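Q: Using the sequences plus the hints, can you model the full thing?
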Amino acid sequence: AQSVSQHNHHVILSEAASLELGCNYSYGGTVNLFWYVQYPGQHLQLLLKYFSGDPLVKGIKGFEAEFIKSKFSFNLRKPSVQWSDTAEYFCAVKGNTGRRALTFGSGTRLQVQP
Amino acid sequence: EPEVTQTPSHQVTQMGQEVILRCVPISNHLYFYWYRQILGQKVEFLVSFYNNEISEKSEIFDDQFSVERPDGSNFTLKIRSTKLEDSAMYFCASSGLAGNTGELFFGEGSRLTVL
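Order-wise, the sequence lines are chains A and B. Sequential numbering from 1 applies to the first sequence in my numbering. Sequential numbering from 1001 applies to the second sequence in my numbering.
What the hints contain is simulated information worked out from the structure, not anything from laboratory work. Misleading hints may appear alongside valid ones.
[What the hints assert, rightly or not] Partner residues are not named here, just some residues of chain B that face chain A (Cβ under 7 Å, in silico):
(1) V1012
(2) K1042
(3) F1045
(4) S1048
(5) E1056
(6) F1061
(7) E1103
(8) G1107
(9) E1108
[Unchecked claim] Computed beta-carbon distance windows for the label pairs:
(10) B:T1076 to A:Q45: 40 to 50 Å
(11) A:H10 to B:T1013: 37 to 47 Å
(12) B:K1083 to A:Q82: 16 to 26 Å
(13) A:G28 to B:E1056: 11 to 21 Å
(14) A:T30 to B:Q1014: 43 to 53 Å
(15) A:S84 to B:I1038: 20 to 30 Å
(16) B:V1024 to A:R109: 22 to 32 Å
(17) B:G1040 to A:Y39: 28 to 38 Å
Note that the structure is predicted; figures quoted are calculated from it, not measured. Even glycine gets a Cβ: it sits at the ideal position worked out from N, Cα and C.
A: Below you can see the structure in the form of structure tokens.
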């Protein structure tokens, strides 16, 4: 079975600070990895995804994530956060068994202070 | 931009009552899902639906739950006899046929409060 761990439950940063949110997954085979964001009062939106190829993936709004297979990690990064990045961030994994459903982590609440 | 819509946005019900949550997936999508998120906990998979039948379900999706696509556009989740622990945000999602790696598009959620 696949699982996802997000170790940071609540992160508070000042604007312009750099961000790194941790995500580790557990799955024995090939995976597809996702980061979703949920802004206050809104639905889950895809930030970026990794399927294959370059392990450094760039997404929307200046976010990127790096897939490190040896560490089973897919950490999310942004060099300089803005107040508008305040949201909850979810890492998700899908194994290559044919199952289409995603397994989500518990989420990280990011609060950016102006 | 096409989106997944869910109704109601918030429902309050008494324990033991039946609840139906409704979703309109993106029109050309073929795979549909329900997830839930209990306050402060992770987003949990409930069920996936394809070709008018359940393709996968989790251990949470017991006999109290059912899903239906009654008219080709709506996708509903029914909870037959609600329990206090069913209080959660329920998210509907859909995906297309972009290989096996298709992105899931989520609705804004329906908050269910069971008293």
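Q: Decide, hint by hint, whether the structure agrees.
A: Evaluation of the provided hints:
no. : hint                          : result
1   : V1012                         : 19 Å, violated
2   : K1042                         : 4 Å, holds
3   : F1045                         : 5 Å, holds
4   : S1048                         : 5 Å, holds
5   : E1056                         : 6 Å, holds
6   : F1061                         : 11 Å, violated
7   : E1103                         : 5 Å, holds
8   : G1107                         : 6 Å, holds
9   : E1108                         : 4 Å, holds
10  : B:T1076 to A:Q45: 40 to 50 Å  : 24 Å, violated
11  : A:H10 to B:T1013: 37 to 47 Å  : 31 Å, violated
12  : B:K1083 to A:Q82: 16 to 26 Å  : 41 Å, violated
13  : A:G28 to B:E1056: 11 to 21 Å  : 19 Å, holds
14  : A:T30 to B:Q1014: 43 to 53 Å  : 47 Å, holds
15  : A:S84 to B:I1038: 20 to 30 Å  : 27 Å, holds
16  : B:V1024 to A:R109: 22 to 32 Å : 29 Å, holds
17  : B:G1040 to A:Y39: 28 to 38 Å  : 18 Å, violated
In this structure, the earlier hints numbered 1, 6, 10, 11, 12 and 17 are contradicted, and the remaining ones agree with it.
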